[in-house]
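Asks: Using the sequences provided together with the hints, build the complete structure.
Note that the numbering used here gives residue 89 to position 89 of the sequence shown, counting from 1, and the numbers run on in steps of one.
Take the hints with a grain of salt, since some may be wrong.
Said to hold, decoys possible - Below, in silico cross-link-like pairs of lysine-lysine (DSSO-like), each with a Cα-Cα straight-line distance of 27 Å or less:
1. Lys144 - Lys123
2. Lys112 - Lys207
3. Lys100 - Lys13
4. Lys52 - Lys141
5. Lys112 - Lys172
6. Lys112 - Lys144
7. Lys215 - Lys72
8. Lys100 - Lys71
9. Lys52 - Lys112
10. Lys46 - Lys207
Stated by the list, open to error - Have a look at the derived ranges for each label pair, beta carbon to beta carbon:
11. Asp211 - Ser174: 20 to 26 Å
12. Gly76 - Arg40: 21 to 27 Å
13. Lys172 - Pro34: 20 to 26 Å
Calculated from the structure, these hints are not laboratory results.
Model, not experiment: these values are computed from the prediction.
No residue lacks a Cβ here, since even glycine has one placed at the ideal position from N, Cα and C.
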Amino acid sequence: MAYRTDEVPLFLKPIYFAISYIIAIIIFVFFIFPLRLTLRVHFKGKEHLNQKPFIACIWHQDLGSVFASLKKFGVGQIWMNYPVWYMKPVHYLLRFIGIKEIVLGGSGYGGKEAAGRLCNLLKEQSASTTVAVDGPVGPAKVLKKGALYMALETGFPIIPLTFDLNPCIIIKPSWDGKKVTLPFGRMNIICHEPLYITQENFDEMSKRLEDTLNKTV
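Replies: Here it is, written out as structure tokens:
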């Protein structure tokens, strides 16, 4: 098992944190910020985001789109993120894009306990979150049900988000078929109908969530 970000040997921490921070700055300045500044972003169904707090669900391939557009969501978010050592630049980047708190955890790294901590924070702070429901390592577009259990625990609705990019570039090779666009491009964000999860409709909502995320419009 790889080192967690909070288990890196003490003598390596100064250079580890410095390099991670520099990488995050480079990504933000040269990739995220130009997109934020120039993208034409349009929402369909944005009123659903006003029914906050909520749990937004996406495919992992759309994380870049979320990074570029999160500021326009207009809500404070707390995220759970993978804690392995190579993710430290992403943790810094999440702070840069406006995530106010990060809970460390994921598959094989105390994911269940971390999800419990996240749910408590979401309820305490009436905050929203975004979950890549096939992450952190796939397989791509195969739904993992952690977000549905979080919805059960918090009582928050799930809002599926899909993204239409023009131009749309698929990065290959990448396990998730990551989608990116270019400065001065167009991004349509479709905020689908909220899904309210109960014990009785859990399986039905699971299928509906997966089907909705696979819609292209």
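Asks: Does Lys207 lie within 27 Å of Lys112 when you go C-alpha to C-alpha?
Replies: holds, 22 Å
Asks: I want to verify a distance hint. Is the separation of the beta carbons of Gly76 and Arg40 within 21 to 27 Å?
Replies: At roughly 25 Å between Cβ atoms, Arg40 and Gly76 fall inside 21 to 27 Å, so the hint holds.
Asks: Can the suggested window of 20 to 26 Å be confirmed for the beta-carbon pair Asp211 and Ser174?
Replies: holds, 23 Å
Asks: Just to be careful, I want the Cα atoms of Lys52 and Lys141 compared with a cutoff of 27 Å; is the pair within it?
Replies: holds, 26 Å
Asks: Is the hinted pair Lys215 and Lys72 satisfied, with a Cα-Cα distance of at most 27 Å?
Replies: With Cα atoms ~22 Å apart, Lys215 and Lys72 stay inside 27 Å; holds.
Asks: Hey, Lys46 versus Lys207, does the alpha-carbon distance stay inside 27 Å?
Replies: holds, 23 Å
Asks: For Lys100 and Lys71, compute the direct alpha-carbon distance and say whether it is at most 27 Å.
Replies: Holds, at roughly 12 Å.
Asks: Check the hint pairing Lys100 with Lys13 against an upper bound of 27 Å on the C-alpha distance.
Replies: OK: Lys100 and Lys13 at ~23 Å, within 27 Å.
Asks: Measure nothing beyond the straight line between the CA atoms of Lys144 and Lys123; if it is 27 Å or shorter, mark the hint as holding.
Replies: Holds, at roughly 22 Å.
Asks: Between Lys52 and Lys112, does the CA-CA distance stay at or below 27 Å?
Replies: Given that 27 Å is the threshold and the Cα spacing comes to 24 Å, the pair holds.
Asks: For the pair supplied as a hint, Lys112 and Lys144, confirm whether the alpha-carbon distance does not exceed 27 Å.
Replies: Cα-Cα ~13 Å, so holds.
Asks: Check the hint pairing Lys112 with Lys172 against an upper bound of 27 Å on the C-alpha distance.
Replies: Violated - the C-alpha atoms of Lys172 and Lys112 are around 31 Å apart, more than 27 Å.
Hint 5 from the list above is the single one not met by this structure.
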